[in-house]
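K.L.:
The listed protein sequences derive, respectively, from chains F and Z.
My numbering applies: residue 1 is where the first sequence begins, and numbers increase by one.
My numbering applies: residue 1 is where the second sequence begins, and numbers increase by one.
Just so you know, these hints were derived from the structure itself, not from any lab.
These numbers come from a predicted model, not from an experiment.
Backbone N, C-alpha and C define an ideal beta-carbon position, used for all residues, glycine too.
Check each hint, because a few of them may be wrong.
Said to hold, decoys possible - In silico DSS-like cross-links for lysine-lysine, where the CA-CA straight-line distance does not exceed 27 Å: (1) F:2 - Z:57; (2) Z:57 - F:56; (3) F:67 - F:56; (4) Z:13 - F:2.
To be verified - Quick list of simulated restraints, FRET-style, between CB atoms: (5) Z:20 - F:82: 19 to 27 Å; (6) F:54 - Z:16: 47 to 55 Å; (7) Z:53 - F:57: 32 to 40 Å; (8) Z:61 - F:8: 40 to 48 Å.
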Amino acid sequence: QKEVEQNSGPLSVPEGAIASLNCTYSDRGSQSFFWYRQYSGKSPELIMFIYSNGDKEDGRFTAQLNKASQYVSLLIRDSQPSDSATYLCAVHASGGSYIPTFGRGTSLIVHP
Amino acid sequence: KAGVTQTPRYLIKTRGQQVTLSCSPISGHRSVSWYQQTPGQGLQFLFEYFSETQRNKGNFPGRFSGRQFSNSRSEMNVSTLELGDSALYLCASGPSGGLTEAFFGQGTRLTVV
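Could you build all of it, start to finish, from the sequences and the hints given here?
P.N.:
Here it is as structure tokens:
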């Protein structure tokens, strides 16, 4: 059973701080990693994806991937109250299939 | 550019009935994937269709089925509904498959009573 683990939270950070969200996965051959934001009652929105070890930055967001440790994280700089949502980590299975496995998500609360 | 459209948005069904949900993908997208989201299990992959063929299937019972038409629109059917089928059903469309360049629809909220 391929698993993706996330701390359910809630993670509470003050406005302007850096929020750090973490995700571990069990399928060592996984090659594609995705971060989604989901507001309550809404559908998931893609924040960013990462394929290679290291960091990938997009605006206030940075995804970090460490395949040796089977660990992917998302950093949100200058957190805003509008960033308050559930963040889902997702992984494509190894072997070239497109079967994704999602983590249960981490609830982030950014307080003014 | 129109997004992914799911209909209906809300449904209430009785246990034992069947239900059909519809998903119209973004124009030009050939892949449509279906997901079930519940508070207990999170977001789980049901199946994916690409060019009218089921390409991948998740770990769900045979009561869950789907199909894709030549215009890439997809339907998902659940037969003999159970209370545990109450969930948000999401579809996502993309040009090639999986989550790559995929966009989610707003979902269909199914309640089984």
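K.L.:
Next step is simple, just say for each hint if it's right about the structure.
P.N.:
Hint check results:
1. F:2 - Z:57: holds, 14 Å
2. Z:57 - F:56: Cα-Cα ~31 Å, so violated.
3. F:67 - F:56: Holds, at about 14 Å.
4. Z:13 - F:2: violated, 32 Å
5. Z:20 - F:82: 19 to 27 Å: violated, 36 Å
6. F:54 - Z:16: 47 to 55 Å: For residue 54 (chain F) and residue 16 (chain Z) the Cβ distance comes to about 52 Å; the hint holds.
7. Z:53 - F:57: 32 to 40 Å: Between residue 53 (chain Z) and residue 57 (chain F), where Cβ atoms are some 38 Å apart, the hint holds.
8. Z:61 - F:8: 40 to 48 Å: Hint violated: Cβ distance 27 Å, outside 40 to 48 Å.
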